[in-house]
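Residue numbers (UniProt numbering), protein chains in the order written: chain C, 1 to 507; chain F, 1 to 507.
Don't read these hints as lab results, they were simulated from the structure. Given the structure is predicted, the values throughout are model-derived calculations rather than measurements. No incorrect hints appear here.
Pairs of lysine to any residue residues, derived as SDA-like cross-links and limited to a Cα-Cα distance of at most 25 Å, are as follows:
1. Lys463(F) with Gly234(F)
2. Lys13(C) with Val12(F)
3. Lys305(F) with Glu6(C)
4. Lys269(F) with Pro336(F)
5. Lys432(F) with Thr496(F)
6. Lys394(C) with Glu286(C)
7. Lys404(F) with Phe490(F)
8. Lys14(F) with Gly202(C)
9. Lys13(F) with Arg178(C)
10. Lys305(F) with Pro156(F)
11. Lys36(C) with Ala449(C)
12. Lys369(F) with Phe67(C)
13. Lys269(C) with Glu4(F)
14. Lys13(C) with Leu158(F)
15. Lys294(F) with Pro367(F)
16. Lys51(F) with Gln377(F)
17. Lys14(C) with Gln233(C)
18. Lys14(F) with Pro336(C)
19. Lys14(C) with Gln171(F)
20. Lys436(C) with Glu464(C)
21. Lys369(C) with Thr54(C)
22. Lys51(F) with Ala80(F)
23. Lys51(C) with Glu381(C)
24. Lys51(F) with Asp70(C)
25. Lys87(F) with Gly49(C)
26. Lys383(C) with Gly49(C)
27. Lys14(F) with Asn11(C)
28. Lys36(F) with Ala449(F)
29. Lys14(C) with Glu157(F)
30. Lys383(F) with Ile395(F)
31. Lys51(F) with Val74(C)
32. Lys269(F) with Glu6(C)
33. Lys269(F) with Gln171(F)
34. Lys51(C) with Lys87(F)
35. Lys436(F) with Gly501(F)
36. Lys13(C) with Arg338(F)
37. Lys14(F) with Ser236(C)
38. Lys13(F) with Asn334(C)
39. Lys87(C) with Leu69(F)
Listed here are the chains, written in short residue letters.
2 protein chains.
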Amino acid sequence: MALEYELLNENVKKCQYAVRGELYLRASELQKEGKKIIFTNVGNPHALGQKPLTFPRQVVALCQAPFLLDDPNVGMLFPADAIARAKHYLSLTSGGLGIIIIFTKNSLLYPVIKKVILLLSLSVLSGAYSDSRGLPGVRKEVAEFIQRRDGYPSDPELIFLTDGASKGVMQILNCVIRGEGDGILVPVPQYPLYSATISLLGGSLVPYYLDESENWGLDVNNLRQSVAQARSQGISVRAMVIINPGNPTGQCLSEANLKEILRFCYNEKLVLLGDEVYQQNIYQDERPFISSKKVLMEMGSPFNKEVQLVSFHTVSKGYWGECGQRGGYFEMTNIPPRVVEEIYKVASIALSPNVSAQIFMGLMVSPPKPGDISYDQFARESKGILESLRRRAKIMTDGFNSCKNVVCNFTEGAMYSFPQIRLPTGALQAAKQAGKVPDVFYCLKLLEATGISTVPGSGFGQKEGVFHLRTTILPAEEEMPEIMDSFKKFNDEFMTQYDNGFGYSRM
Amino acid sequence: MALEYELLNENVKKCQYAVRGELYLRASELQKEGKKIIFTNVGNPHALGQKPLTFPRQVVALCQAPFLLDDPNVGMLFPADAIARAKHYLSLTSGGLGIIIIFTKNSLLYPVIKKVILLLSLSVLSGAYSDSRGLPGVRKEVAEFIQRRDGYPSDPELIFLTDGASKGVMQILNCVIRGEGDGILVPVPQYPLYSATISLLGGSLVPYYLDESENWGLDVNNLRQSVAQARSQGISVRAMVIINPGNPTGQCLSEANLKEILRFCYNEKLVLLGDEVYQQNIYQDERPFISSKKVLMEMGSPFNKEVQLVSFHTVSKGYWGECGQRGGYFEMTNIPPRVVEEIYKVASIALSPNVSAQIFMGLMVSPPKPGDISYDQFARESKGILESLRRRAKIMTDGFNSCKNVVCNFTEGAMYSFPQIRLPTGALQAAKQAGKVPDVFYCLKLLEATGISTVPGSGFGQKEGVFHLRTTILPAEEEMPEIMDSFKKFNDEFMTQYDNGFGYSRM
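Bound conformation, chain C alone (with noise of 0.2 Å):
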């Protein structure tokens, strides 16, 4: 029968690139046999203890239990701009009608279409299916928010509404990719969301290197080489990809270096997906996050016209780290009407994103403003969040850059860290005996030693014979010195264990 493995379609099986099981299956057994283990595979902020912000909870378990409004004691529970923001919810999503269309190719109607959708869409209850794009309110003001962000217009109906960002990029994807011969330019290391999808999709996955010791900055020289390797080997290279802020890397990308990969997009014709999820997790003052759109809209004509741009983002990252919540959006710029109209087609199969999510994004978009009651509570709830994080950045890279032949760039931004890890040639060799990848044999004595759990950097990619792994900088604060001290411990025994002279891996 066709479930039959020998039977499935081979897309399915090769996308086998990934954040890797055998480290985490190993941290399993460990903690079933009652060794404490530190969780720091994964950017899961509320797995490992983070609270959720008190307002937006508030407002979603309104709009889950609207009757509540109804009820004389709901001021008990509830602050008055949580319940206010709740009815103006609640009022998006209310009376109406649950749109799903999908198109003709008659795409005459589409000015008639992004008509009627707007002023019919602003009403579907929470309970019912959404515009295949989500909510119009919803949209609206993710919209003004990229426009405060940016300083440029940005279009609601440009906006389509995910569950979660990953879905985003794999519904781009699947419009780009047409087969094996369409190559995608990707990160190394990369997050591999992009692997895996490029893999199922049956496209071509094009590396291109962030150098390390550029701060894993981009070297647009290094693009070129790849899209011309790339070329030799009969690949038609289609679109971009950058992680910016960086996932493993950290690094946040300059406005010149921004600039530079847009007017490399434009000479190449390459599509840009931005994935800027970490947008709200910057670590450092020097280099603040700047959009790809905000980049692309400062370079005017013809750049500003013609370059195709696609931005992502999410409720899961940032200090909110809603990741069980499942809500994200796209933000198309300079892409045809009609290729929209395609989009928009393929998303309302699945019908809508999921709405409570939507309300989760509507509300990270226009948080409580100062004089709203909510506001203090929120701000400090927020900005302890953040602070933390910060504090948390800096004791991680500190920790590994005291660590003997471990060299580790700041974590500028995004939720994790990627040190560099020289193995001396002796543990390259028991490695080898032991039948594991050097990074994976690191990390596997690493966890057997400490309890603490990471993902070698072989699951992100990396420059052959160079060696790393990546750690999330999420573990409680006050776990933070005594986890890096452990490390250290571990970390200068295994150095001084394996040394026998002959050298280490190369940087």
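Given chain C, put chain F in place with the hints provided.
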């Protein structure tokens, strides 16, 4: 650039089957002009005023705002059993880890994985990613529900939670379809999810026709013909879809019919996809819903050990109608562990289904029991909705059958009526002159005259030269008689107007 219409993935452009926009768009325009429109085009109950069930919304609200549980006033707004149930789900989702595993190919690890995952992922906060298959505690509740329903064991390890049933269908078809040589048997008329997804994945839809004269029953001889014809065209038929109760056709398959289907799948080595999302929506007592799984288990050896079956369910349909939450599950029967692992891997790429909808699913399969504080209210609300749907199904079918040249099978289940309209040849000519498909012509005239917005049968597929329309049975019960009177008046006038004495479209 890649996101130009001409350069898009052709499968994206091709998936144009579906609920067509023309009727809906015209309805929207008319509404804008101030006309009262009765939207019966989409099965979206809350959008037509159905109120959510109180108890599940209370529980989910508390799960979203767990800090309310520490508030001494919580009992003023929430009953004790909702509080207890929220604590139950929070215990399933707290203190945890946030597990994402993308397996290595080494399937020797599978038994280990099974064990450690059950142990570890008992625990992920509701703001955290869950296991990519959904929370183990909820999957256990689903398995218990299936076991109670069918009287046969169900394994939580073979149940995956999804963001709605559609997403589950897409996941499974993605594993099955390797290219256009792979065919999927789909009923005609069908719900366009299937045609659209098969197109998107580049496979071939192999239609089999439901027999309108047998109350939309399924004739296995017809199936054989469809398979033979597809094979003569070089298509390898790999899977078969049944929708039971039917959408748009509303029939409930009999046990005998299901047995024939399963025997057919066994003989032809087809995976059966059982779309059973309307299993709670039953409006007669002669032919209750019976699951494909139960029938398969009752058939005994060799069928129960060999036929590959994937069954789908959702929180969107039933009488809950929680469409906007996007929650569903699928259960796999006779799918080898290695394939389950592959399906898990692909699910992992998008991290996890949304956690709130997982809790809704848990609540749907384990509702309040007699004796619980909320039981009476829950039972009263449930009964109110279901009994009203049953009455509405009858009012609608009877209404259609009282109209000239309209024949409608009784809506045994699901949410739709799918009457056949025998059009006078005068109407066929007028449609041709207007450049419209005849059923679109009829539905547009209906809309202009009455405000009733339906979907022409051509959106679902029908035999050549036979015409239908689909309406939901979801308008408010008190409005139903007026709607049917208005339909009858329009229809009978239409038939008189276009009857040129040269007969009617065929049956």
